[in-house]
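Peer 1: Given the structure of chain A, go ahead and fit chain E onto it with the hints provided.
Protein chains: 2
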Amino acid sequence: MKAEIITIGDEILIGQIVDTNSAWMGQQLNLHGIEVYQVTSVHDKHDHIMKALADAEKNADLVLITGGLGPTKDDITKNTLCEYFETELIYFPEVFDHVQSLLSSRNVTINQLNRDQALLPASCTVLHNSAGTASGMWFERNGTIFISMPGVPFEMEAIMTEEVFPRLIKLGIMQSIVHKTVLTLGLPESMLAEKIEKWESALPGFIKLAYLPSALMVRLRLSAYGTDQQMLEAEVDKQVKELLTIIPEYVFGFDDENMALIIGRMLVKNSKSLAVAESCTGGNIAHFITANPGSSAYFKGGVVAYSNEIKIKLLDVPAEIIEKYGAVSQQVAETMAFGARKALNVDYSIATTGIAGPDGGTAEKPVGTVWIAVAGPSGVKSEKFIFRHNRERNIIRSTQTALNLLRTFILTDNAASK
Amino acid sequence: MKAEIITIGDEILIGQIVDTNSAWMGQQLNLHGIEVYQVTSVHDKHDHIMKALADAEKNADLVLITGGLGPTKDDITKNTLCEYFETELIYFPEVFDHVQSLLSSRNVTINQLNRDQALLPASCTVLHNSAGTASGMWFERNGTIFISMPGVPFEMEAIMTEEVFPRLIKLGIMQSIVHKTVLTLGLPESMLAEKIEKWESALPGFIKLAYLPSALMVRLRLSAYGTDQQMLEAEVDKQVKELLTIIPEYVFGFDDENMALIIGRMLVKNSKSLAVAESCTGGNIAHFITANPGSSAYFKGGVVAYSNEIKIKLLDVPAEIIEKYGAVSQQVAETMAFGARKALNVDYSIATTGIAGPDGGTAEKPVGTVWIAVAGPSGVKSEKFIFRHNRERNIIRSTQTALNLLRTFILTDNAASK
Chain A
1 MKAEIITIGD
11 EILIGQIVDT
21 NSAWMGQQLN
31 LHGIEVYQVT
41 SVHDKHDHIM
51 KALADAEKNA
61 DLVLITGGLG
71 PTKDDITKNT
81 LCEYFETELI
91 YFPEVFDHVQ
101 SLLSSRNVTI
111 NQLNRDQALL
121 PASCTVLHNS
131 AGTASGMWFE
141 RNGTIFISMP
151 GVPFEMEAIM
161 TEEVFPRLIK
171 LGIMQSIVHK
181 TVLTLGLPES
191 MLAEKIEKWE
201 SALPGFIKLA
211 YLPSALMVRL
221 RLSAYGTDQQ
231 MLEAEVDKQV
241 KELLTIIPEY
251 VFGFDDENMA
261 LIIGRMLVKN
271 SKSLAVAESC
281 TGGNIAHFIT
291 ANPGSSAYFK
301 GGVVAYSNEI
311 KIKLLDVPAE
321 IIEKYGAVSQ
331 QVAETMAFGA
341 RKALNVDYSI
351 ATTGIAGPDG
361 GTAEKPVGTV
371 WIAVAGPSGV
381 KSEKFIFRHN
391 RERNIIRSTQ
401 TALNLLRTFI
411 LTDNAASK
Chain E
1 MKAEIITIGD
11 EILIGQIVDT
21 NSAWMGQQLN
31 LHGIEVYQVT
41 SVHDKHDHIM
51 KALADAEKNA
61 DLVLITGGLG
71 PTKDDITKNT
81 LCEYFETELI
91 YFPEVFDHVQ
101 SLLSSRNVTI
111 NQLNRDQALL
121 PASCTVLHNS
131 AGTASGMWFE
141 RNGTIFISMP
151 GVPFEMEAIM
161 TEEVFPRLIK
171 LGIMQSIVHK
181 TVLTLGLPES
191 MLAEKIEKWE
201 SALPGFIKLA
211 YLPSALMVRL
221 RLSAYGTDQQ
231 MLEAEVDKQV
241 KELLTIIPEY
251 VFGFDDENMA
261 LIIGRMLVKN
271 SKSLAVAESC
281 TGGNIAHFIT
291 ANPGSSAYFK
301 GGVVAYSNEI
311 KIKLLDVPAE
321 IIEKYGAVSQ
331 QVAETMAFGA
341 RKALNVDYSI
351 ATTGIAGPDG
361 GTAEKPVGTV
371 WIAVAGPSGV
381 KSEKFIFRHN
391 RERNIIRSTQ
401 TALNLLRTFI
411 LTDNAASK
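As they're listed, the protein sequences go chains A and E. Take the first sequence: its letter number 214 is residue 214 in the working numbering, and every next letter is one higher. Take the second sequence: its letter number 336 is residue 336 in the working numbering, and every next letter is one higher.
The hints are simulated quantities; they were obtained by calculation from the structure and are not laboratory data. Incorrect hints may have been included.
Which copy is meant is left open, so a pair is good if it fits within one copy or across any two.
List of simulated lysine-lysine pairs, DSBU-like, C-alpha gap at most 30 Å [to be verified]: (1) K180 x K365; (2) K2 x K58; (3) K313 x K58; (4) K208 x K272; (5) K45 x K180.
Quantities reported herein were computed from a predicted structural model and do not represent experimental measurements.
In isolation and in its complexed conformation, chain A is listed as follows (with noise of 0.2 Å):
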């Protein structure tokens, strides 16, 4: 079973939206046992949606197509689909009947352009949006099933959870692919390459292994594809364990973890607190823990100490020491670091003072100059980090740094209290 995305839409190729879609749909599929084959995005114009529908049809056995089927007049999708399909477009009462309560319950009068969303293909099946007002669209040609939905992610996503997975299902469409992905940190991709090199080479044919780089992990994924899935899982297992014999120090969580996560875990299991005093991230650490469930098990708060006098009000900082050194200081940091200890009641503690840029840079201390200090019942810890980045970049690294600081020093803590 191979699958094929089309997204349809200008919006996309002028790059004015990231296609998260095609992330979800390919993630899902995956669990399913679908594989994805290629995505391709193309123009809302006639020509080139027709184009794109024939090669997949060539190429795939499943086409996901996205995009393109709002109320308004940029939306050619439908009549496209009619002449690809060789049908017509006629009225289905009970879509009209769902878009107006749908409406009404939105305190919104329905007019022409809704109405016409009754209106679909007479040999497709009506797939029922229950988080929107255009209806997803399935239809079989020549052993390939084809199936549009709109492009808006979570309208998308109700058509593919609520009706088309279990179609899929029901259909007995499915194949064994076991992943799992190991998340490395502290070993630039080379070096790592290098340090499991024999292991690689000993893995089995049927699985295959990729590196996946970001900004400051390696990511390594077991892809592993056969018939028995029990099989496939035990002989991921077997290798996940002896490739954790081999990096245990570099191997920090696995899947979809992440770094904010895998403290909280810490945390919780050793009953402790956690607060933030953010300058530089301006929030995003915070924004980072809590948008993990469950957070306020642990997290209790935080400080945005943007302006030196919050930092002087709320963290205590003395202003004689932001006069001496620096608001962009190892003093500050670690301060800010004991403040938000004390002021927020918490075990332990992070604190971020830096130059997201793009002003604010100096000589001595260029935009991407960041010190980062954590706090805990161990002790202070602080250091100073130079990024060079974009503003965004700045942040998303000092955030994720900041979380990795505080992650080694739980762990210190833990193993010096054993």
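Peer 2: Relative to the frame of chain A, chain E by itself:
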């Protein structure tokens, strides 16, 4: 000039990473007047890459390829390119010198995998990668230009900016496209379309209009295509001005502007300051605000009051109010907003308290229930929302909604003071 983007890598197709490279390239090419005809994401398999290259050569004058150029074994792009362009890998000493000096500046020892990065196709023009060890490559065949780059975003961006664009400009590869995006809020897509129908129908043929709905707003993108850049700009400006006379109250910004930026501009204009008191949004509002350069001019900071203890201690919310009405209540939201105004000594404040989920919901206050309050010199305004999404979307919706509530609150203040 038609461009096509090919992204190589299983990690995109299985949705482990979101393809942001294509969006960036599409945006940049578009600014340079080059239309992206199609984006195709393929597996890192020899046959699939060969097919994608051949297909792209048929359609496009410029083919941008990203991915598959790291030092490790899962990278087969380089050998496939050699086969496609009928050439072979040769040693480039200047590339070796660059790899060596870059790694030594990072305190990494060079190994065989890094050494192999100096092996590149004999027939290509090597594109210097100032941000990493994998070089870009420029090929030409039958009038089509092919450019291969690594998939790490900031490395691709460095090669595009420093090597590719200057060459394309030198070659005179240009076409005029003018875009203007109008950000609207408060009208669903269909009602908006109805309101501006006459204006839309009267648009000249060379201007295309697209509706881009997202969670909270509908963006209207005008795109003018032609040879006379100045004429296109003038015509787009004229049409936007006319649109503003039709729906003035629904337009809040243009192009890449965001709500926090627009609020910042209003605050700077009136010399007012801002702080936040976030419970359920967990620092995300502060993050949205501080993502904008120059936000320190009006944003003093905030308190992430995730636990009740912090609400009481740092924001002066009386414990009795939390006990009587619950943490998720109008009273707590408003007291938090007042508390932030006072504790952080600012003119305006935003406060959020709610249940982001997945746990913590009750029949009376289901997951997604959020109270938002904004306070300012003229008093306080609060509103209850029920978003009923997952945790991630509830946090984003709460953030956007809170910022919009503040925007309208300030607008009312400004109107009253006139």
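Peer 1: All hints, please: hold or fail.
Peer 2: Taking the hints in turn, this is what the structure says about them:
Taking the shortest Cα distances, K180 and K365 never come within 30 Å of each other, neither inside one copy (42 Å) nor across copies (38 Å). Proximity of K2 to K58 under the C-alpha cut-off of 30 Å is found in both arrangements, the shortest distances being 11 Å within a copy and 24 Å between copies. In this assembly of identical chains, the alpha carbons of K313 and K58 never lie at most 30 Å apart, being 67 Å within a copy and 65 Å across copies at closest. In this assembly of identical chains, K208 and K272 lie within 30 Å of each other by CA distance neither inside one copy nor across copies; the values are 40 Å within and 57 Å between.
In this assembly of identical chains, the alpha carbons of K45 and K180 lie at most 30 Å apart only when taken from different copies (20 Å versus 40 Å within one copy).
This entry does not satisfy hints 1, 3, 4, going by the numbered hints stated previously.
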